[in-house]
Amino acid sequence: MSDNSLRVVWIYPDLLSTYGDQGNVLVVERRARQRGLDVQRLDVRSDQQIPTSGDIYLIGGGEDRPQRLAAERLIRDGGLDRAVSNGAIVFSVCAGYQILGHEFINDLGERQQGLGLLDVVSTRGEGERCVGDVLADIDSRLGLPPLTGFENHQGVTHLGQTARPFAKVRFGNGNGVGDGYEGAWNDTVFGTYMHGPVMARNPHIADLLIKLALDVNALPPADDRWYDALREERIAAATQNV
Amino acid sequence: MAGNTEPLSPRAKLAVTAGKAAAAVSRAAGRGSGSVIGGRVALKLDPDLLAALAKHLDVVLVSATNGKTTTTRLIAEALRASGPVVSNALGANMPAGITSALAGGSDAKYGVIEVDEKYLATVARDVTPKAIALLNLSRDQLDRAAETRMLAEHWREGLSGSKALIIANADDPLIVWAASSSANVVWVAAGQEWKDDAWSCPSCGGVMQRPGDDWFCAECGFRRPTPSWALSGDHVLDPHGSAWPIKLQLPGRANKANATTSAAVAAAFGVPPQVALERMFAVQAVAGRYDVVTFAERELRLLLAKNPAGWLETFSLIDGPPTPVIMSVNARGADGTDTSWLWDVDYTRLAGHPIFVLGDRRLDLAVRLEVAGLDFEVCETLDEAVRIAPPGRIEVIANYTAFQDLRRRVGN
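These protein sequences, in sequence, are chains A and B. When we follow this note's numbering, the leftmost residue of the first sequence carries the number 1, and every step to the right adds one. When we follow this note's numbering, the leftmost residue of the second sequence carries the number 1, and every step to the right adds one.
Keep in mind that the hints are not guaranteed to be accurate.
Here are a few chain B residues that face chain A, going by a calculated C-beta distance under 7 angstroms [stated by the list, open to error]:
| # | residue |
| --- | --- |
| 1 | W199 |
| 2 | S200 |
| 3 | D338 |
| 4 | W341 |
| 5 | D344 |
Because the hints were derived from the structure by calculation, they are not lab data. Glycine is no exception: its CB is placed at the ideal position from the N, C-alpha and C atoms.
Chain B on its own, in the form it takes in the complex (with noise of 0.2 angstroms):
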């Protein structure tokens, strides 16, 4: 079904138009986009708008702690093979920041919206969608977020009665309890580097075992699932068993799992492997990540990486030593304000590389670095980082408003 055969009612529609106004005197004031802002206007004057706009979509939504953002670009771009597509692009992924996404977009024939965590069972219900892309879960901003296996609950409560299609990550375990109430589910083996928050069986409390890539809990018989789709190196493999060739220009094991998982849902809209593949190759950088730039007349790489699972994704995608890394962490709200983390983060993957140490908790990171052995140089700022780092392109890793700090340093 495409564009809008339906007319929004008179409601909806003064809805949509207070939150595009709200959303210009945001911008006119130098508030960002003011997505987030019209949304919120929009919303609270007709609060079935949600519902209302994505009525005459085939929405996909994408939720997971890690790669949301790069997934959802990566299958909007698969499905734009098949008709016009909707997207919250920027990242705002909390239910007024989706409905101003979706305002936008009224011929369009696919609405694919990242959807945050704590949101996903909420628009799920709302916005009927036809597929639902579940990547992986695990801790991050431990000073407010749900216990991870307590969202993973949540999920698997919401998506229970839900008609959609879930195309859901087999290597976690969380993932997989979130899934397997559903009926329809297309399973992925996508990998999973971080373990530890899926030691425990999120079904029964017994000890996961975890032999290869397999794992089973040896108490009540929750296991991984047989996958449909998998990445294996380089290359998608489909349910025939045809490989299909992963060509992106974002780096990493993490986003060729992106691509495999949004491979799997380009597949269910009718887009076969290898024009979703090659579409997805058009992806360059999403909201900034990944980005390669010019500063102070040096390449610096800029790298996003939010909890231990991402680092740890990060560390494996970065050129090795002597590449020098940039590391910058803050504590702020949107960082979550306990920094304990940084200490299941195993930074002696980085010995070798000359590491400089920024950011409003630069001091947290320093001893996190001196009790793993490794040398390192604490600078003020960004300048003066780049400023003593050896000749070479710099791999420059945030974690979420200290990235938005360097994109601003950096004039990108």
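Next up, chain A with everything else stripped away, as it sits in the complex (with noise of 0.2 angstroms):
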């Protein structure tokens, strides 16, 4: 990767992206840009190879069927798992994140095998679907300020050993276990149950996906205004739901 570049790559976007997923890309995208990067965007659709030059690799949350199918195709390809071999990140959401993981019920009530790269096993919650703004605190190691996100799904996700919950929740479900986590990462791979799309909300995340690919500590600031405001509104919002 010379100095300036950024390749982001979005995957599956033909089966993963119900929630206004390609926000999270649009935002990386944008803050990547506003701090002089060149930005390469790759969209990769399920008949399609994925690249394993990528830095930062996003992947959203969809409905039941199309999640089986990513899940049998990006196991097909492999090219994910090179990726993060590699030292490439990753950020899934929803049934991204469960697909990250060991496995997860499809669509179909059975157990299907994930890609493995985050050390968690989901479940389908037996009660009401979790729907709505939650508010939580990111693991303080990454040195993030809260997040804010929605949450609408009915998993229910168990951190093994060498995985980290991304947050702790102070209102909403997360990851729906009854332990108040919320999501969960390694060194380079992360995953979270949060819609808006969450960096929409939390653009501090793509900063430190951007972060992390160039091996940096800091970047120039960017005009934060409108993120603050909605977030301070969705904050409130998820205090005032309970």
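Assemble the dimeric complex from its two separately framed chains, guided by the hints.
Pasting the structure below:
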């Protein structure tokens, strides 16, 4: 990678882009460009090969059947595995988050194998669907302000030994286990249930991915005015929903 | 068959009367038209009432994610050439609202009924329609609506035994999947600008190939059927290859598509396309949509867009820059509380327009526009937006409850 370029790969928009997931791609793209980076965005459809030389891979949410198809095709492709071995950063949301784990329950009600890039296992919750605004504190090692998002899922995700909780919820459900944790991460792979899309409400996550990809500690400041105003409103909304 | 040749049963009559009484009470209490509460009371007293009311009518059902209210109006207008029509013109499209609308039309020959997507199979079973028009299916109200493909599957199962003539959009793979289980289908090339809910084959899950206007699945062979009716520019092409000019007061490509489907429906009831299309010209505004109003000494055109497919069609019909555009977005119950759909809309199409943003969720829209690299102003109220907008007619685009708020504010 040349110093100034950033390759952003959006995985399977034909299957996993039900919840405005393009938003995460757009925010990463925008914030990288605002920092003078030369961004190359690659949208990879599920009948195309996943490039292994990307810097940041984004994978979104989707309905149950596309989720099954996406997992099958990703395993068959093998490219994402190799990209992670090469040190790429991966950020996944909802159905995509479940796919990155060891297994999840598919649309046929069967346990289906995932990519195993995150040490998590997902099942389907028995109770009501988790829908609403969420407020959570992100793992302090990541040095980020609170997480605000919108959740809409019925998944329950259990973390294994090598996955760290991405955040601890103050309001909302997150992983749905009941322990208050939301999402998971290891050094380079992240997963969350948060929609919004999550980067629109938490541009600092986009910055974090860019920093990890470039291996730098700081980025020049960006104009956060509208993001901040939205964050303030949604954080208040999450607090009042209880 | 015209009018009620067989009288309603005493129970059905009682139910109709009780429903009308409940509606009157609701109206008196200032709670809208009362059609839904009236229908609910009536259906409770006689669960078979909908079927009984429909028995004497030639019924047409209309369902879709977008355009069903307008198309219902266009079909009703066209069929009036051939006899009296009863219709749920105000968009109360669930069984209670439909019952209430039909109860008011005892002399009608035709029932033209808009049906909510989730109730289509049920209503189709109850009213034994002669024809069903299916326009399009796309993502809508993500937090509570059924998955789009599941909805198509549900339609497919529900319609497979129906004797109705299905008039369906050949350009929407989900619609084709839903309709192709029926024995009797008229395919209409009505177009569909939004494609992002049909990239995977509804039949086998393969990746859909879409060269030009065509589409097919390379894996299982599911493909676009050959249409017998088509929208071609400003004309409807009928099955004989004749082109009929579309004359509408309603703007945009999507309404031309609605008119094409409506002409195909009208033809099924013996109304020729020329007559049908001429009658459709009478439709001016539909439940306030497309209405041009004067507010604070300015002209405003009110446009409803409820979901990404609707916004896309709306952007293609507004006047070009420097026409000012006001957008209002809410996320109340009827809108769906998840605003992430904003990111599926390509707002860069508004480049060059002065843009003003309002509504409960104006900050979500502000971030969306910031990321799209557009200039915009965030306003507290419609009054403020109109006051600071540069001269010229203003295009006002809003989602469902935001649109209702706007209509209330402009007194429409």
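Which numbered hints does this structure break? none
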